[in-house]
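So the sequence lines, in the order shown, correspond to chains A and B.
Position 695 of the first sequence, counting from 1, maps to 695 under my numbering, and the rest follow consecutively.
Position 17 of the second sequence, counting from 1, maps to 17 under my numbering, and the rest follow consecutively.
What the hints contain is simulated information worked out from the structure, not anything from laboratory work.
Idealized CB from N, CA, C, for every residue including glycine.
Relax, there's no trap hidden among the hints.
Incomplete in silico selection of chain A near chain B, CB under 8 Å:
#1 Q99
#2 P103
#3 L104
#4 S164
#5 I170
#6 L374
#7 Q640
#8 E646
#9 I679
Each chain, letter by letter, is given below.
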Amino acid sequence: MHLFDGAMGTMLQKYGLAGSECPDYCNVSHPDIVQRIHREYAEAGSEYITTNTFGASPLKLADYGLEDQVEAIAQAAVRNARAASPHIRVAGDIGPTGQFIRPLGDLSFDEAASNFYRLAKALADAGADCLIIETIIDIQEMRAALTAAKAACSLPVICQMSYSEDGRTITGTDPAAAAILLDAMGADVIGANCSVGPDKLLEAAKQMARVTDKPLIIQPNAGMPVLDGNTTRFPLAPEDMAPYIARFAEAGVTFAGGCCGTTPAHIRAMREAMDRLPAPEPRPAVEPLTAFTSRTRTVFVGPGHAPVMIGERINPTGRKKMREEIQSGSFVSVKKEALAQVAAGADMLDVNMGVPGIDQSAAMEKVVMELSMLCPAPLSIDSTDPAVLEKAVKIYPGRPLINSVSADPALMEKVFPLARKYGAAVLCLPLAKGGLPKTAEERIALIRQILETARSFGLRRQDLLLDPLVLTAASDQKAPSETLRTLRLYREQFHCPTVMGTSNVSFGLPGRPQLNAAFLSMAFACGMDAPIINPLDETMQRTFAEARLLLGFDAGARQYIASVSETPAAVPSSSVSSDKPVLEQIRDAIRNGEKEEAARLMNDAIQEKMSPDRIIKEGLTAAMTEVGDAYGIGKVYLPQVMMAAEAMQSAFSELKVLLPSMKNDSKGTALLCTVQGDIHDLGKNIVAALLENSGYRVIDLGKDVAPEAILAEAKRTHVDFFGLCSLMTTTLPELKKTAALLREHIPACRIMVGGAVVTPEYAREIGADAYAKDGVDAVRKADQLMTADPVSE
Amino acid sequence: MPVFHGTLFQINRSEMMRYAGLPPKGSDFPEALIRESIEEASALASPRGIWQLLPYDAQTGTLFGDPPLCLEGRQIRKHLSHSVSAAVLAVTAGPDIEQASTDYFHSGLYAKGLLLDAAATAITEHLADQLDRYIQASARRTGRHTAWRYSPGYGDWPVTQQQALCRLIHAEEIGISVTDHSMLLPRKSVTAIIGLSPCSEAPKPQQCTQCHLISCPFRIRPARHFSR
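Same shape as in the complex, but just chain A (with noise of 0.2 Å):
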């Protein structure tokens, strides 16, 4: 095990360093405290000296007005750090921005890299012999610090994230995700610092030891501060902390040292513990494991692992309204379709933007942006363009797979760096120029040439899926078996994991659902890891569920018996019993909601020569008010209230079409808005749908409505009551003004008011007819109000 160094910012205090002035300008303007500091470390027994460099990157130093000074700051460092001892080793230090990369912020994964990399060069000229960049709480600013680091110079790069008490980042992302990215990426030591102390980073050592077979450092900090008057304190002391390091051996964990609150004394108290140790043994190897991952989850691939669902739905072929949609800048249906998918149980999704007449690499950009921050699958790039797959790689906040690669030379020169370079897994399909491979093994040798490439570029074995290339079983019947021979060759020959595209088999077949599904049973008998299906086929779902029981994936059977007992949630049959009189059925109908059956019903009533003004009464309007009465003492909840009044608004239109000359007796009229300068809509809008269900004409003027506009529009149509609504206190005046200018002008009016801050008192005040406390109770103070004398509460 070696040790590092301690605080810096913690020390510059204790000097007498740390107020208005840069802390990193120290190197220049004090570089003989920086000198004593770094020299105390060295001296309790730090092998890895940190330059005093944390705020030293461009966007931290314009804070200061100092980003010029990012290559003076950095020679000075260096030459500060390696002042301490000839036999230190001087790690250049790079600190976070303060801000959040695109989506989550304003900054572009572009000027975060650039930034990142000024210093990291700086750092690499001035002499340092590693970087170490730390404390970063976004995975997508270590994603640019690092692709920066290492396009800035050939040092070894060691990469720390910092954990929050949940044992996440704040943004949401686990020590394994980020092990697994960073490795992926390139990182040489990965590991973790600050956070909340060593026990935490204990627990992070573990859960990173168990995905990567890189170097681990852990330097926690001195747990949590306190401020004592102005002096911050920090809970731990060198003899606590010093315990941690066997326990951090024990972990595996290759370097330790301190982060905030650490000083000389716990460094000192670190190495007896470390010198203490015994001699260490090698860690287990990590078994080479494919994995991808988006900001806060991992998905494993691979054999022991159960199969993986990979959604196909977000491609915009034959598929117009969402092509439609793309072209016109607008991802909405993009992004629903990825949450159902996901919610209907796809661990990854595939995301193609092959739109013809659109700027692919921009729609694909802004999808995975969009995408990254809502969605917690992994996404598959789905693209052979390089461009396309370059802008989509870069800014993605995980570890992605780019689909796909063949065995074309230029195009594999293209996509295998990127792979490389930000993480990604790439999956190879055995395809060449000169028309498709026939049989396994032209496949298989395709393949073993994409494979050879990829690790001339430096890509590993888990960074490589195969794809068995699923023909269509309607021209060729052989196609079919011959994909799943390559995939049983694949499964023996090569060891890694493997992706299709499921329904090309059907292409062109009836009953395609059942053949695919037939299909996929059989490829995951012969080694498929991760189907690119509908998740949404009930079908693809069975067979999934299926495969986990049957593969053992599922213990106890536990989610196959839930998947088995789970009644189709699209088609719910009615719970109107038909043994009943038919305007029981209706009544039943209305109160559980029920559109559809509602209106069939309708017809049920007229032939029975039933009255329209029998079954509205009896049926629609009893029931109305049954659901009313019920909402009214807690039974039933506003959502069930609003379904009610649709199944009842479907029941009437549908009356309307059968009987076309039906009368339609309105109780009466009401002008509904919620007054001048509230914008609120909700409330109003409940209201509307309740009276107009219940009978009356609704005029909604709207939100936000000036009482000259609802005169003038009383003037021009027969208004029986007016509702008006108001939802904060700083529109209660307008209400009040509103109801005083209708009053004046029609003094016979009557007014209905309500929201949530109007109170019965003050509709009182400000001379209402009548208060209604919620939608339900309007349709009753609206009945009152027309029956009987102006209500008052």
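Take the given structure of chain A and dock chain B to it, following the hints.
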């Protein structure tokens, strides 16, 4: 001004149901409608958040921004009585969900309209919670403690200070404006203040029972959301 726009993962379903007037458990309301509303609202949302840490003088209740703002309301000043600085924040879910909700009402899909509006509220709170957590974590790293998040309209803090509060953090940069009647546009937006103090005695969260808005449909106890 620093920005943090937040993610849309894990929208709080039971909060959403509460906003829609449903109990989190025990109603036989169709699960799919709730899920689809959260999905649709998430697809329509454009999350944005902005904030700024400002010095605060508890004696005079003054936030030292540009221009300084003297907080009105006894309760907010009591709430910040230990604070030496305060983070002022604003978040919004954007205007599109609200429009879609209204459109649903106009086409007779009332339950969808209602649920979508509730999902939008849950998303807005979710965004505020994330920014809140980030501010808390940043404060803890310097040994400071945070007071519970407090918004204009809570207790006796008048919403008329909304305009001035938004001006302090340039809320217009994330598309939030304030109407003459102190309402936020887009309506699915929240502004708030989080006090930072060196002492660990965090004021207790306010309860519904302490709020003057006795007719509030969300009045429950104990609760975090006692005002709208």
